[in-house]
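Student: So the chains spell out like this:
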Amino acid sequence: MSPRQTTPSEDFLRGIWKENPVLIQLLGLCPALAVTNTVANAIAMAAATFFVLMGSSILISLVKNLIPNEVRISAYILVIATFVTLVDLILAAKFPVQHKDLGAFIALIVVNCMILGRQEAFASKKPVGRAILDAGGTAIGFTIALLMMGTFREVLGSGSVLGYPIFGEGFEPWVVMILPPGGFFTLGFILLGLSWWEDRKERGERPQVREWPHGVGSMTGRGQTGGRRVA
Amino acid sequence: MSGELFFIFISALLVNNFTLALFLGLCPFMGVSAKVGTAVRMGGANIFVLTITSIVAWFLNTYILEAAPYLRLISFIVVIASLVQITEMAIKKISPTLFRELGIFLPLITTNCAILGLAIFQTNRGYGFWEGLVFALGAGLGLTLALVLMASIRERTELSAVPSVARNMGLVLIIAGSLSLAFMGFAGLFAS
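From first to last, the protein sequence lines stand for chains A and B.
According to the working numbering, the first sequence is numbered sequentially starting from 2.
According to the working numbering, the second sequence is numbered sequentially starting from 157.
This is chain A alone, in the form it adopts within the complex:
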């Protein structure tokens, strides 16, 4: 963690956009690609993940002093697996349709790197209040990404949103969008769009840092860019 103390609002907001788990950090890609073929599935997945992330963050933040450092990862995974089992059973009892649609991917929330990552990086070091904010922000970021992908894929792939048709009779659905390749393409295009946007933003700032030859900025990583701005 950075030596600088973060404010509560930073803890909350960071996960939503600046460090969005899916779009920026590319964590939790399996569910983001696999179950976003309809908006309804995306919502169910996001809700289940929200519950698991929030529950395990709170619990781990509460018991962080009891977990020996050597076995902390296993302990986190056990806690996460417990919450996932809970979600699995609750969904099976209350929402059997969604449970059937999501199938094995409910159980696979356990291995969502995003959840384990937040435990290791945040909940195991900070007080409960902050852990709740961080988990909330990250889960909202995850939800935004999933909804974005779900909407994109359902609108193009089935011509509907949440099952309601939005185009007229003449619309020919792009079936490929609800099939596996559509998942890759959708996220790919979203990422391309994001980096295009960032490039444009950077180009707007470029006039003040003229001493750098053209093309250097685009070849180097983020750290370099940050340094350049300071200079």
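Keep in mind that the hints were calculated from the coordinates and are not lab data.
Every clue listed holds true.
Which residues of chain A face chain B? A partial, calculated answer using Cβ under 8 angstroms:
| no. | residue |
| --- | --- |
| 1 | Leu34 |
| 2 | Ser75 |
| 3 | Ile78 |
| 4 | Ala108 |
| 5 | Leu180 |
| 6 | Phe185 |
| 7 | Leu188 |
Computed far set for chain A versus chain B, every beta-carbon distance over 12 angstroms:
| no. | residue |
| --- | --- |
| 8 | Glu20 |
| 9 | Lys95 |
| 10 | Thr144 |
| 11 | Phe168 |
| 12 | Glu170 |
If you're wondering where the values come from, they're calculated on a predicted model, not measured in any experiment.
Beta carbons are placed, not taken as given, at the ideal position from N, Cα and C, and that holds for glycine.
Position chain B relative to chain A; hints supplied.
Tutor: The following block gives chain B in isolation, referenced to the frame of chain A:
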């Protein structure tokens, strides 16, 4: 029986390829697919862990979890985590070069959906010992195939003039989508 096994194998290898059709094991797919050599080794490590996982999951399902099915997920993940730990120690001992190259991705096999996914699919479909084993081999080879294909393509894009907006993962995802599209052609392989 053997026809059935062959069907399971080809289905896991091509038709329902773990990475390209089911989105399992994406972390190594994105992370270790920059060089063909590393991709092959990562695939090998995956085949190894998948095979052992299949045997262990079958054992747990048959002899232990009958009494308490709600503990399935928790016991699977614990067993897989310990297996990966053992694999890591074995590889460190046998091939330090490979160990260094795999780096962070070996422990990350624990949070690799493919491993847990295999155990869960195997359970849901009620596979027996041999079926599970063949399924694991097919899935592992399928993962390796996808990794190697991806790595070969990425090695080429390294040298070509890629537009600057596509310099990060966007390009990799588009390539993955095209590969996935190609693999969909295998869907007609079996009329089922």
